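Participant: Okay, here's what each chain looks like letter by letter:
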Amino acid sequence: MKVAVMSCIHGNYEALNAVLSDIDDQSADKIYCLGDLVGYGPHPNAVVEMIRALDIPTCQGCWDEDIVEGLNSCECSYPSVLAEKRGKLAHEWTNQVIHPEVREFLAQLPLSLRDDNLCFVHGSPHNQHEYLLPEVDAFVAMERILATGADILFCGHTHVPYVRSLDAGQLQIRVQSTGKSEEMSFSAPLKRIVNAGSVGEPRHGRPNATYVIYDTDADQITLREVEYDYQKTCDAIIKNGLPPIFAWRLARGLEFAERADDPTHVCER
Amino acid sequence: MQPLNITLVAGPPGAGKTTWIRQQVHTAAEPVIYLSLGAGETTLDPTYLAAEVPELTVLPAVQLTNFLERPPVGCVVYLELGFYIDLTSLVLPNQMADCRRVAVLPPGTRHTEWHDWADLVVTGAETAIPLQQAHFWRSVLTGQVLDSASLNTFWYELTYGAYGNVQRTKGIFDIADGRAFYFDFTKGLSRSNPVELNLPRCLNGRPDRLSGIEIVGEALDQETIAQTLKDCCLEEQAIVHYQQQIKDLIEQGEEVG
Chain A
1 MKVAVMSCIH GNYEALNAVL SDIDDQSADK IYCLGDLVGY GPHPNAVVEM IRALDIPTCQ
61 GCWDEDIVEG LNSCECSYPS VLAEKRGKLA HEWTNQVIHP EVREFLAQLP LSLRDDNLCF
121 VHGSPHNQHE YLLPEVDAFV AMERILATGA DILFCGHTHV PYVRSLDAGQ LQIRVQSTGK
181 SEEMSFSAPL KRIVNAGSVG EPRHGRPNAT YVIYDTDADQ ITLREVEYDY QKTCDAIIKN
241 GLPPIFAWRL ARGLEFAERA DDPTHVCER
Chain B
270 MQPLNITLVA GPPGAGKTTW IRQQVHTAAE PVIYLSLGAG ETTLDPTYLA AEVPELTVLP
330 AVQLTNFLER PPVGCVVYLE LGFYIDLTSL VLPNQMADCR RVAVLPPGTR HTEWHDWADL
390 VVTGAETAIP LQQAHFWRSV LTGQVLDSAS LNTFWYELTY GAYGNVQRTK GIFDIADGRA
450 FYFDFTKGLS RSNPVELNLP RCLNGRPDRL SGIEIVGEAL DQETIAQTLK DCCLEEQAIV
510 HYQQQIKDLI EQGEEVG
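Order-wise, the sequence lines are chains A and B.
Counting from 1, one number per residue, gives the positions in the first sequence under my numbering.
Counting from 270, one number per residue, gives the positions in the second sequence under my numbering.
By construction, these hints were calculated from the structure, which means they are not laboratory data.
Just so you know, nobody snuck in bad clues.
If you only want the chain B side, here are some residues facing chain A, beta carbon under 8 Å, derived: (1) Asp416; (2) Phe423; (3) Glu426; (4) Asp500; (5) Cys501; (6) Leu503.
One side of the interface only, derived from the structure: several residues of chain A facing chain B at Cβ under 8 Å: (7) Pro79; (8) Ser80; (9) Val81; (10) Leu82; (11) Ile245; (12) Trp248.
What you are looking at is a predicted structure, and each value in this text was computed from that prediction instead of being measured.
Cβ atoms here follow ideal geometry from the backbone N, Cα and C, with glycine treated the same way.
Please model the complete structure; the sequences and the hints are all you need to start from.
Facilitator: Have a look at this one:
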């Protein structure tokens, strides 16, 4: 069985269409979406309608949550004051144009999805705002997967696709209680983190959309990169009154905002 | 009276006028005085040179007349002319009639007004776009403190063409930890890291030293550049907060970056 996993569409309808077409070409049996359907891009309603129409199981992303709950995170969530100002502009624009039924749909999205030994989240099982970067400490990475009970954890949020194998890690812990110290060691089986990249807002230096396909029979993960007419999205960004710099960054695969110095930090507000 | 040893330096933006003058300072046996003409009191080169070349005496352009009336004995003077100054209509004071004229030009430049004007043509750095289309824009940011992550994003976008075709830009920016940095970009040349200026940390409110940006290019989106710069600036409360953090670290004997 082939499972297609996509994430971070961010209101980019052109990119979504191209990815769905590619998924069709790859004859995938199932599609999962890891959230961030809206935000920054010019077509949030059309993207959500498409996901709903195709009945694609989707978990809630951080942008989806912010549109439902209101922007509540403080400046610590932003890598810079410029990113904060741009993020707020994008949020306000999206908040104004979003249809009530779209907001309702985003509100009922689950934080995670399970399919046998596969788990799907937006950022991490800990929080949809947390970045699981490829270089994150192995112990933290292993803890995040073990917390789900799955063998493969699919996530997005970083906008850069990757596959990370945590191969039969040896874990050693020391438990201390009332003067007694006990050491325990156990080995964890092979676990994997798969980041699906971003459909609508790539950060890998090219404008192409990315997603992944997991072949359960062959146990094979394929990162897909799909060309699309990004200029149409750029034109729509400008036509709809979003900041032109978003179009400039999209055309260069730069994402709309730079990443924080400490991407594992999650706002506690 | 002994004639003044004055060198006028002209050339297109990015060709390396300031760099060439800096080289001359290092080889000069006499004290060197520097003035920049044509850009009022907000040009960045004198600020940059004053911070980076301590042996150089930098004079404000408004002091030129006084300086010529009572010139110090035994010194060498370099006057840098902004590229936008029309050399043919430049009227020099009598004391400068015999000055040396140096044009710093990109390699391969031929038959320009600089050639007609100069006594000596120095080959400088390659510059990229036709000069007749060049447009000059500058903004004074004195008193503003910029968020460094935002500044890096802005500088990346600016120099990769997000706000127009930038041929040459330089800037002096005060950042939150009290330091000032010199940013420099010339299209076609390898990118250099910002240089921390040899200036005292400003940790008591808004700095009063000169900072700002100068841009030469084509089709510059001035409004967006100005707005983005504004969006990079920290508010009063944040400036106080960051400055206090740095002061605390210094007081604790911590090394501050």
